[in-house]
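Sequence lines, in order, name chains H and E.
The first sequence runs 1 to 136 under this note's numbering.
The second sequence runs 1 to 144 under this note's numbering.
Source of the hints: derived by calculation from the structure; they are not laboratory data.
It should be emphasised that the depicted structure is a prediction, and the values quoted were computed from it without experimental measurement.
The beta carbon of each residue, even a glycine, is placed where N, CA and C say it ideally should be.
Some hints here could point you the wrong way.
Claimed, not checked - Residues from chain H that face chain E, not an exhaustive set, calculated with beta carbons under 8 Å:
no. : residue
1   : Tyr-2
2   : Thr-20
3   : His-21
4   : Gly-36
5   : Asp-37
6   : Asn-39
7   : Met-61
8   : Leu-62
9   : Gly-68
10  : His-73
11  : Val-77
12  : Glu-81
13  : Phe-83
14  : Trp-92
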Amino acid sequence: MYSPAKLENLAIGDEAPVLTHTLTRTDLVRYAGASGDYNPMHHDEPKALAARQPSVFGHGMLSMGIVGTALTHFVGVGALETFSVRFARQTWPDEVLSTKITVTDISGDLVTLDVRLHNADGEEKVLGQATARLAG
Amino acid sequence: MVERSALAFFASAVLDDDPVYTSADEASARGFEAIPAPPTFPFVMQNWGAFAELQAEGGQGAGLGMVLGPLMANGGLILHGEQAFVYHQPVLAGQTLTGVGVIKDAYVKESKGTTMTFVVAETTWSDASGAPVVTTTFNIIHRK
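Model the full assembly from the supplied sequences, consistent with the hints where possible.
Structure representation (structure tokens):
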């Protein structure tokens with residue numbers, strides 16, 4: 001279903017297929033349940049407003065999880081060596097989020113990738129790096 | 001204990017429809033001994049399968065709650081600053097893993113009447129033989 005990229009076909013600057021998704025409040029509730037993270041900022045609108053937020057907002061780890069999904073579809077499940085991100089901005093319901101994953105280095109079978117998640121205006125939500133060992 | 005249904009539920013929550021997370025046959029065909037975990041699942045896996053009989057004498061169960069609980073009880077807003085994973089071997093359904101958490105750093109900054117508390121914590125998960133499986137590091141900011 002998802003065929004990982006092959007090492008011999010990869011070059012620096014190559015990009016992974018983009019995963020795009022319009023965030024809904026249901027996504028936040030599903031992630032809360034699946035992760036066990038019930039911080040009310042992610043599902044309880046009155047509490048989010050009381051905390052001076054414009055609405056509920058997405059879990060940072062949901063953003064990283066979406067990037068992780070696009071990443072494993074590209075490098076293959078079980079290929080990751082490291083995966084790290086900085087959470088730059090909150091995500092909001094109705095935002096159209098897209099992944100951007102770019103090969104930045106290839107050393108033997110170890111591939112380094114720049115990983116990002118941004119909205120339709122190009123505002124970056126998550127920025128980071130991953131390394132993976134790819135088969136030829 | 002890494003539970004299969006928790007892996008499938010988590011995969012759906014991060015928008016991953018790869019059948020490797022829902023079909024034992026697919027996982028086997030891809031070379032896994034059991035259903036594997038999505039890459040960010042280790043951040044939350046202490047919330048699933050932490051059965052009472054598995055806990056070590058004096059063990060604390062969910063370590064993240066020990067850090068976040070007192071901060072959340074204090075009100076304010078908790079933001080996740082950074083997150084990192086180092087993968088040593090696949091996390092698989094059916095494994096019983098032991099997590100050991102360490103606070104790597106903690107400090108407070110005052111700025112314009114706002115108190116910012118920074119905490120960096122690292123958890124290393126090991127399998128029954130003691131071999132490391134995955135290391136997770138998180139950096140959170142509590143703002144009040």
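Consistency of the hints with the structure:
no.: 1; hint: Tyr-2; verdict: holds (6 Å)
no.: 2; hint: Thr-20; verdict: violated (10 Å)
no.: 3; hint: His-21; verdict: holds (6 Å)
no.: 4; hint: Gly-36; verdict: holds (3 Å)
no.: 5; hint: Asp-37; verdict: holds (7 Å)
no.: 6; hint: Asn-39; verdict: holds (7 Å)
no.: 7; hint: Met-61; verdict: holds (6 Å)
no.: 8; hint: Leu-62; verdict: holds (7 Å)
no.: 9; hint: Gly-68; verdict: holds (4 Å)
no.: 10; hint: His-73; verdict: holds (7 Å)
no.: 11; hint: Val-77; verdict: holds (5 Å)
no.: 12; hint: Glu-81; verdict: holds (6 Å)
no.: 13; hint: Phe-83; verdict: holds (5 Å)
no.: 14; hint: Trp-92; verdict: violated (15 Å)
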